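Undergrad: Top line first, the protein sequences correspond to chains A and B. So in this note's numbering, spot 26 of the first sequence is number 26, and the numbers just go up one at a time. So in this note's numbering, spot 68 of the second sequence is number 972, and the numbers just go up one at a time.
Hints in this document: simulated from the structure, not taken from any laboratory. Just to be clear, a hint being listed does not mean it is correct.
Said to hold, decoys possible - Heads up, incomplete: computed chain B residues facing chain A, CB under 8 angstroms, no partners named:
#1 F933
#2 T934
#3 R937
Claimed, not checked - Dumping the calculated BS3-like pairs for lysine-lysine here, alpha-carbon to alpha-carbon at most 30 angstroms:
#4 A:K640 - B:K927
#5 A:K640 - B:K929
#6 A:K640 - B:K908
#7 B:K976 - A:K589
#8 A:K589 - B:K927
#9 A:K678 - B:K927
#10 A:K717 - B:K908
#11 A:K678 - B:K908
#12 B:K929 - A:K589
#13 A:K322 - A:K105
#14 A:K640 - B:K1014
Computed from a prediction, not measured in an experiment: that's the story for all the values here. Ideal placement from N, C-alpha and C gives every residue a C-beta, glycine not left out.
What follows is the residue order along each chain.
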Amino acid sequence: MEASLARYIWTHTKKQQLWILMIVVLSMIPYFMSFDLPKLIVNGPIQGRGFEQPGATQPFMRLHYNLPFIGEVQFFSGFQLDRKETLFALSLVFLLLVVINGLFKFYINTYKGRLGERMLRRIRFDLVDRVLRFPPVYFKRVKSAEVATMVKDEVEPLGGFIGDAFLQPVLLGGQALTAMLFIMIQNVWLGMIAVVIVAIQIVLIPRMRRRLIVLGRQRQLTARALSGRVGEIVDGIGAVHVHDTSNYERADIAARLGLIFKIRFDLYQWKFMVKFLNNFLAQLTPFLFYMIGGYLVILGRLDVGQLVAVIGAYKDLPGPMKELIDWDQDRQDVQVKYQQVVEQFTVEGLIAPKIGALTIDDPDPMTKPLSAINLSIADDGGAMLLNRISLQVKPGETVALVSTATGGAEALAEAFARLNWPDSGRVASGTDDLLELPEAVTGRRMSYASSDVFLFQASLRDNLLYGLKHAPLTSVPYDGAAAEQHRWNIHEARRSGNPDLDIHSDWINYASAGATGPHDLFEAVRRVLDAVVLSRDILDLGLRSSADLTRHTELARRIVELRAALRTRLEQEGLSGLVVPFEPGAYNKEATIGQNLLFGAAAGPELADRALAANPYFASVLRQAGLDRTLYEMGLEIAKQAIELFADLPPDHQFFQQLAFMSAEEIPAYETLLQRLKNRPYEAVPEHDRAMIVTLSFAYIEPRHRFGLLSDELMSKIVAARNRFYEDLPPELHNAVERYDPAKYIAAATVMDNVLFGRVGNNHPDAPDRIRSIVYDILDELGLYGELLDVGLDFNVGSGGRRLTGGQRQKLDVARALLKRPDFLILNRPLSALDQRMQDKVLRNVLEEARRDGHSPAIVWVVTNPAMAMMFDRVIVFDSGQLAEDGSHETLLAGNGIFKELLS
Amino acid sequence: MLLKDEVGMLQRVPLFSAIEPTKLKLLAFTSDRVSYSAGQILFRQGDEGDAAYVILSGRADILVDSDSGPIKVAELEPNSIVGEIAILCNSSRTATVRAASPLEALRIRKDHFLRLMREFPEMTIEILRVLADRLSHTTADLIDARSAK
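Pulled out of the complex, with its shape left as it was, chain B reads as follows (with noise of 0.2 angstroms):
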């Protein structure tokens, strides 16, 4: 996959979908375009968040630690971005990814991350839109289960 194609995959991310194509260019050529084999680990729950990762093409586990072992809690597909909360908020990984299938992804680092939000700020108003959204969805799961109690 080319870097142009890199480009249009990017641009069908909720996330960067508001942002003009040559700036997207430049974070598709500066991160690293990184493969993984089904069941390699992109990056473990407790570590230090250093990247984030677009999912190319594959499928990827979310994986959380219980008592019980490892639980899925959710699955990755093509176009999507992980990994960015722990970036955002300085935290350390709060679940472990697994590559399910043959992966392809596009390793974006903390410091270029944060370094793009700082200057583009329709980026930066994209990721809080995103956010924002999350954490009122979040916050209607929440209602619904306390409701349901």
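One chain only, chain A, in its complex shape (with noise of 0.2 angstroms):
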């Protein structure tokens, strides 16, 4: 990148900035038409000259011309007006030259906007795509959110002066030069005062400026540092809460407020003294005309017109000038923005573009070992982690590397990954130099996992996939408006200078997971997933979540054969006790009142949870069906338990996790509620009082609670009030609840709710478990087992993969590489988070997955404990970052050195 912003933007915009130019100058002759006619209006028509005559006439638009030498030449005789329709033709003109002035205008701004809007897209682009290919080391040492800030928040003023970086100077100095002449022409003495005065404002003050930008300067590298720490907070506020340093957090952040403050107040100082002085020396110009220029009249060498015209001329001289020192201004302030960003964006090393080039076609496997050649790495500190190693892997080879604490077998794997790269010798692929290679070779052909997993925010399945995401393998059809907005995107993207591939194509390279498209990939998807053993979760994931319906069309489709097939099944098993089934005719015991009222799933906020008792229409139903006192008193009742029962405890008190009507923090305000409401009759009580009371019998179950509270005629009373409800049910509450329905899937509940289509009886403890292995029993039966496991796929995983445990972190990280079919297979250390039976198990999977189908990639795994190296063809031992026992798992075994002490 340029370090001058101004040969940037004049590489980028030379062909656009002569363009606006030469707009702008065209469009200075109506502006300058328009000055004169008010003139021709008022002296002409209104003040009747050349009318003097009634009934004269003048011509309009008449077309005349002086020609050197041809003398004058008439092009169009014009019409022959009289006053009034002189005035109004004139008028007439006026108007129009307003609105091609305005229109003008309008193009104008639009043009020198888009101007920079294109350019803040190309420097923001510019700036990701180094993002792109800073080397490995670069990014231990500076913090995400600081690289964010620069992207988004400090190149963007950019955008605002790149359209005025050429026009502002030639326009404004074409102004001013144009003033100062013109009282030069009247009186050259007091051109030179105003010339001088000019000359002081030019040295000056862009001199006192050069404070004002080292202070810009700092402003800008401390808010970076700001939004780096604050980033810093926000990803280890674990570590802050554990460590009971959130004062010292609070003191950090404060601190650079405060410096912040006093940087920005400084700057503000300064900035208004230089406006200051800036105003003083404009208005010290018409003081010394008023002084020289009257004495120079009093003494006669002046006229009293040239003096009120030079005094004019000066008014349109500060005007341009104050703008012009502006835009100086805005200039360095954004050449420094520009600079800044410039300088941390450029890094010794970075990646060649070659090597991240877009590459449609799969490239060859790589059938040539894999090889360290006397590889030295040091860590940043630069201790050794390995030391002159040369080894090198074949391909088919099963490798474990095996190490002491301070082996390096892990440096060694991070190497081979391109993670890390050599301090001296080299990693090769045969003769190839690894770093050489493009990273569509060693990114397809090659895979690799570690302890330390990222995963996007996006959904398990875009998290699995990603490592199939290359390129862009289809084109995807548009037409109509969508087609349009397509064509404008890649115009766009062209004129900024970014790529034009498309997002919305199919980037999954189905052929490399061994499948040929979307409909057998959830095969291979399966298979990984069963090796690490994460099916099971993902299924859980899947029976809590609600599905996607426009996707698993299959599960509405079948949902009536899945619940007979449940009740069928627990009547065999005599299990049907577990399962209190939902039906539209009767009270369900196990199920909430409130659910019991509803029976059907809130799918807006109108009746969600506390939203449900306030509901106009609700309240309304409750009161015909004569519940409403019912449930009120209900609800008194069972504040007045629960705050018998919590009252003492403190609001952090684990007991509260058993309180389903209200929270410990709710708890006071209930007090003072019952309090207030104590003796009061029913109709005296606010509206608002009464649903907050109400409320609280909604999350009532009897069976769980008891209390004693429900009676036969309450619970046929509920049920009739239900289809009180559902009979006149207001057009603008029938998006807001979904009715249970037993023929119906409801798309705004759980997998696992509209498979059970009822509630899991409370008084057996492992009633849960059983019904959940029966229901996957089930899904398996009907053969929608895929279609549950892709319903959890779609589970987010959350910032950073947070959502998930870091168990499942590792072994979906292992899952991405091993779907990839890679020819080489780097693991390292890759299950730390599970325990030794684990490990042994998922690796024992995952050999055997790797090698399906006649498979043989090469697998070189960083292993946690020795023991697991008994699997692998070939045993590698590190010790001190040298390279200490090499060979097969019964040679080490049989010798006497590190290997078998590690073992033992």
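Hints in hand, dock the two standalone chains.
TA: Here you go:
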């Protein structure tokens, strides 16, 4: 990237800059014409000059020019108009000029804006492109939030400036020069005064602004550091709380904010000081004009008309001068920002663009051995992780890397993955340096998984398939407005130097997963998930989430069949008591009163949770069913009981998890509410308080809470209210609730709730587990197991994958590496979060899965436990950065080396 | 059976007899009411101890594994508590408990039980007293067994 902003702008926008300049010059013509016109209107038709005789006419739109040598030439003799007609005609011309000027202004502003936005897009893209090409070592030093601020905020002002970068100085400079010239023509001496003052402004002001630039740079750096720290606090929030350092962080942030405040305040002070000086100098000139000009007039060396004209012309000078100086300020400001950013993004050893170039066709398999030749790697502190290691991994070979604490096997795995670059020596595939190979080869024919997993905030599926998204493989057909939009996207992307790759294309490389398309990819996915023993977790996630019915149509279509199968199965096993099904005409004792009343899943906020009792329509249904008072009294009783039970406990007491009615924080509010409502007749209780109380009854489940509040009469009333609720459901609530219907899938409910279509009994402690395994069985029998797994794959893993456990993340990373079916599979302590038994199991599965269908990749596995090495063809032992032993498991075991020592 | 009846039942359990009824009510409320049919297992020998059970109605057998299969060592009546040892010593279950008839019980989770002990010393003392009582019985039994040899 160019170090100078002006050069950067000029290189990319010179044509546009020249064009807009031309347009601006062109726009000057109507602009000046509109200055002249009022004079014509006033002097001509209004004052009547040229219309002295009644019925006199004047030519309108006469075109005649005085050409050199030829003399007066008349192109058009014009229309003859009388006084009134001329007034209207000239006024209309004035209106026309107003419109033309407006349109010019509109065009110029739009053009400049677009120019700026395109450049902003270009520069942002360039920056992110560089991030993608930084060498690995750079990321050890930089905070992600700082890079993000640079890309997002720090280059933002550039967009506004770019349109004016060249236009403004030309335009304003021209105006200022014209005014100056005019003054000079009137009187040289007065002109000289103006020139001197302007010269002082031009010399002095930028000098004073140098300090502003320094302060501006400090402001930028401190603000960037602040956002880096804020990012760090967010990422490390766990560490902050664990160590009780939140006040340390508060102090740090306050100190930084203080510094930023100081810099900004200095900046303001200095800025207004410069402004004051500038204004003073501008006002000083008229003072000199009056005094010296007046003196010259008294002496008779200057006439009054000239003096007035000079002062008049000077009025036009400060405006452009001020704007010009402002422009210069902007320029310096933006230049500083630009330089700051460019400096940060100028890094030694940037990865060459050809390494990451887009490659559509799959490269040939890597059939040559992978070798480390005299490889040395040091850590940031200079300690040697690997010291002149030479070894070779042949295709198809499985190698366990065993390492003592300071062994360096991880560094070797990272070097194979190109995540750690050699300090000396090299890593090679055959004779090619691995670092010279395009990522299209290493990223597709090799895979890497480590204990340090990064997941994107997206679904499990997206994360799993992430390793297959190398290039857009299909061209998406667009039609109508979408096609128009697509064309526009491509056009604009090219204009801003962005690539026009279509993000909506299918990027998934099915072939590398051993599939032919979306329909059979799932098989491969299922196999790798089984291999890393993650399927069960994903199924559980699937059961607990609600399915996207546009994708999982099969579940919805066969829901009746599923529910029936579950009932039959429960009856066969004598477990019917475990689940109480929802029946439209019956009260379900294991569900809450709220669920029994609504008998549906809330699909919007109107009827969800606390809003239900407050909903006017719902309250009216309760009133009509004669339930309002009963439920109110029930709510009062529950409130009393709950307060009696829980009022003495501290708010963080774990017993509050058992209290379904209210949270610990709400108890005081309910206490005062109870006091207030004591002995007050139901009719006198305000609507809002009623809802507060009634809502408590909605969470009540008799077998669980056992307050003895439910009678047969009440239950039948509730069922009646349920029917009444749906009879007159107002249209605006139609989408707020999905009624439970034994024949219908409920989109707003979880898959488990849909299959159960009832509630699990509260008094069977192991019921949920038993039912879950029965549900899995049934799904498998009906061939819906895959569908459920697919629902589970929709689960969003959260920021950095934090909604998964550490073990699940690592398993997912291994699955992702396996899915690619690479020639070289590098695994760097990939399962460290799992217990040894599980690690062994996954290891066995992975070795088997990697070799499925006659595939025979080389596998390099840095093992966490030397005992795992037994499963590999070859074992390489590292100690203190040296290769200590290398051979088959048996030979090393027979020897008396470190390996045997490690094993014992 | 309602919460207040359960409180009445708990009061009859020696371990809880000295605790005020409001606390017992809290204990009952935060416990799960569970029911088993005859032959169902409450917990197995060797499992991790995660809860204690107060039998509200029905009977249960305490079984200990031996080389010749499970041996019944005792029977549980209503108002008795079972499984509290494993909670207190963080050990695994020393016996299997099986419902001998339809059984209703209160399942008191380990963390709740320990929390209650921490908060209500009178309950802890009562538990200590019962345990010490049992220990002295066991010691007496041991002495009897030794002298009989």
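Undergrad: Run the structure past the numbered hints and jot down the numbers of the failing ones, going up.
TA: The structure conflicts with hint 7 only, although it agrees with all the remaining ones.
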